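Engineer: Generate coordinates for the entire structure from the input sequences, incorporating the hints supplied.
If you want the numbering used here, it's the position in the sequence shown, counting the first as 1, plus 5.
Hints are supplied without guarantee of correctness; some may be wrong.
Stated by the list, open to error - Pairs of lysine to aspartate or glutamate, DMTMM-like flavour, derived with a Cα cap of 25 angstroms: (1) Lys316 <-> Asp337; (2) Lys338 <-> Asp106; (3) Lys256 <-> Glu392; (4) Lys273 <-> Glu392; (5) Lys7 <-> Asp367; (6) Lys273 <-> Glu29; (7) Lys396 <-> Glu411; (8) Lys316 <-> Asp114; (9) Lys316 <-> Glu231; (10) Lys273 <-> Asp140; (11) Lys7 <-> Asp427.
In short, the hints are calculated from the structure, not lab data. Since this is a predicted model, take the numbers as computed values, not measurements.
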Amino acid sequence: MKLIEQIQQLDFPVPLPEKLLAVEQRFDAPRVSDVAASTREAMRTLLPRIQPGATVAVGVGSRGIANLPVIVRAVMDALRDHGARAFVMPAMGSHGGATADGQIGVLADLGVTRDSIGAEIRATMDVREIGRLPDGPPLYQDALSSTADHTLLIGRVKPHTNFHGDLESGLAKMCVIGLGRQRGALAMHVYGGAGFQRWLAPAARIYEANTNLVGGIAIIENARDETAEITALPASEIGATREMDLLHRAKALMASIPVARVEVLVLKQIGKNISGSGMDTNVANRMLMARTPEPTEGVDVAMIAVLDLTKETHGNACGIGLANVTTQRLVDKTDWATTYTNSITSGIFGMFHSAVPLTMPDDRRALQIALRGCGQPYETARWVLIENTLKLDMFWASENLRTEIESHPRLRIVGEVPLAFDARGVMTSPWEMGRG
Numbered sequence: 006m007k008l009i010e011q012i013q014q015l016d017f018p019v020p021l022p023e024k025l026l027a028v029e030q031r032f033d034a035p036r037v038s039d040v041a042a043s044t045r046e047a048m049r050t051l052l053p054r055i056q057p058g059a060t061v062a063v064g065v066g067s068r069g070i071a072n073l074p075v076i077v078r079a080v081m082d083a084l085r086d087h088g089a090r091a092f093v094m095p096a097m098g099s100h101g102g103a104t105a106d107g108q109i110g111v112l113a114d115l116g117v118t119r120d121s122i123g124a125e126i127r128a129t130m131d132v133r134e135i136g137r138l139p140d141g142p143p144l145y146q147d148a149l150s151s152t153a154d155h156t157l158l159i160g161r162v163k164p165h166t167n168f169h170g171d172l173e174s175g176l177a178k179m180c181v182i183g184l185g186r187q188r189g190a191l192a193m194h195v196y197g198g199a200g201f202q203r204w205l206a207p208a209a210r211i212y213e214a215n216t217n218l219v220g221g222i223a224i225i226e227n228a229r230d231e232t233a234e235i236t237a238l239p240a241s242e243i244g245a246t247r248e249m250d251l252l253h254r255a256k257a258l259m260a261s262i263p264v265a266r267v268e269v270l271v272l273k274q275i276g277k278n279i280s281g282s283g284m285d286t287n288v289a290n291r292m293l294m295a296r297t298p299e300p301t302e303g304v305d306v307a308m309i310a311v312l313d314l315t316k317e318t319h320g321n322a323c324g325i326g327l328a329n330v331t332t333q334r335l336v337d338k339t340d341w342a343t344t345y346t347n348s349i350t351s352g353i354f355g356m357f358h359s360a361v362p363l364t365m366p367d368d369r370r371a372l373q374i375a376l377r378g379c380g381q382p383y384e385t386a387r388w389v390l391i392e393n394t395l396k397l398d399m400f401w402a403s404e405n406l407r408t409e410i411e412s413h414p415r416l417r418i419v420g421e422v423p424l425a426f427d428a429r430g431v432m433t434s435p436w437e438m439g440r441g
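Structural biologist: This is the structure in structure tokens:
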């Protein structure tokens with residue numbers, strides 16, 4: 006008998022909460038009202054650096070960015086109106102199975118297609134070495150972009166999920182990993198988060214000096230995953246003070262789980278379209294990185310249960326090892342070749358981000374096992390349930406968090422809902438998962 010069938014026959018006498026508080030979280034959330042117009046205005050900074058008739062390779066990354074097709078189209082329209090001949094290329098390390106077609110597919114999943122942006126999309130995994138960091142790794146540039154007159158990047162500036170520093174996710178990292186493709190990712194990830202902290206700024210200066218990088222469009226988002234700011238950075242300002250300032254503003258706008266302590270955190274889904282680590286470690290407050298201390302600020306979480314993968318992640322389950330327990334449904338959807346390729350490229354694997362946690366046949370059993378291991382008596386354990394780490398304007402919490410929630414200036418209880426499951430043990434409330 007298979008292990009999963011044996012587990013299905015077991016009875017877990019662990020009582021789950023009967024009802025949950027539906028909690029609305031309000032944020033200070035500045036938002037760009039006209040994304041296309043704001044993008045075109047930002048492009049006015051970069052256009053004087055581009056000669057009419059020049060070819061421009063526009064690098065677009067693999068992260069979920071609000072309004073990404075609108076922003077990319079506005080950039081392409083501005084370049085075309087300026088007289089430039091531009092094309093889009095994926096600027097991502099090993100995503101999409103580390104293949105050119107796979108990376109074009111990732112862009113398509115993000116809404117970036119020839120029809121949506123009105124421009125050609127080209128891709129290759131070939132690179133050329135453009136320099137080497139002193140006492141550090143070589144740096145590479147995508148072969149397609151290296152043959153253009155200029156390269157321009159479009160990316161979001163945000164806190165990274167695996168390391169913290171003056172520069173994290175943003176245009177400097179996009180140079181090293183995005184333009185460097187899988188070879189660049191492999192070379193840099195060998196050194197872990199310490200390498201990124203040490204080398205992102207000097208690497209940006211090498212890309213400025215040794216390549217055709219003209220600059221980039223940097224995007225900041227608010228806590229509701231909306232476009233908050235669009236800024237043009239010339240090549241000289243990528244990996245420098247202005248990008249550091251953008252990161253600081255992005256951190257100030259971040260969403261969070263606004264309670265002090267949780268025994269069981271339940272995530273409906275994880276995926277690469279949500280975060281490079283499947284779940285944003287800055288929200289879940291768990292890194293599990295070799296040679297990296299665990300975060301000491303933010304919510305204190307004992308157990309994490311992850312129930313499913315997003316459709317957009319295409320089976321890439323990177324980050325599932327951050328959870329303590331998951332479901333057979335998630336494991337069945339996992340493309341292990343894609344997951345391992347991404348994990349090995351990033352150097353985050355083994356007992357960390359891509360390890361399979363304790364796997365239960367269904368959602369009910371997953372929650373029961375998470376509660377069983379949380380280190381707190383069942384009746385006093387605190388619960389928080391979220392759809393994913395990008396959607397935190399609404400979450401669900403156990404009744405014993407009521408006082409803490411009611412005293413928080415950003416939180417409002419808007420109702421009560423049952424915690425319910427269908428006959429298969431799939432959660433149907435507070436959200437319906439049976440259609441996923």
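Engineer: Now look at each hint and say whether the structure bears it out.
Structural biologist: Right, here's what the structure says about each hint:
For the hint pairing Lys316 with Asp337, the CA-to-CA distance comes to about 13 angstroms; that is within 25 angstroms, so the pair holds. Of the supplied pair hints, the one linking Lys338 and Asp106 holds, its CA atoms being roughly 21 angstroms apart against a limit of 25 angstroms. Taking the CA atoms of Lys256 and Glu392, the gap is about 21 angstroms. The hint holds against a cut of 25 angstroms. With a C-alpha separation of about 5 angstroms, the suggested pairing of Lys273 with Glu392 holds against the 25 angstroms cut-off.
For the suggested pair Lys7 and Asp367, the alpha carbons sit about 15 angstroms apart, so the restraint of at most 25 angstroms is met. The hinted pair formed by Lys273 and Glu29 meets the criterion: a straight-line CA distance of about 17 angstroms does not exceed 25 angstroms. With a CA separation close to 20 angstroms, the supplied pair Lys396 and Glu411 stays within the 25 angstroms bound. A distance of roughly 9 angstroms separates the Cα atoms of Lys316 and Asp114; the hinted pair therefore holds under the 25 angstroms criterion.
For the suggested pair Lys316 and Glu231, the alpha carbons sit about 21 angstroms apart, so the restraint of at most 25 angstroms is met. At roughly 43 angstroms between alpha-carbon atoms, Lys273 and Asp140 are farther apart than 25 angstroms, so this suggested pair is violated. Simply put, Lys7 and Asp427 have alpha-carbon atoms about 23 angstroms apart, close enough for the 25 angstroms limit, and the pair holds.
Of the numbered hints given earlier, the model fails hint 10 alone.
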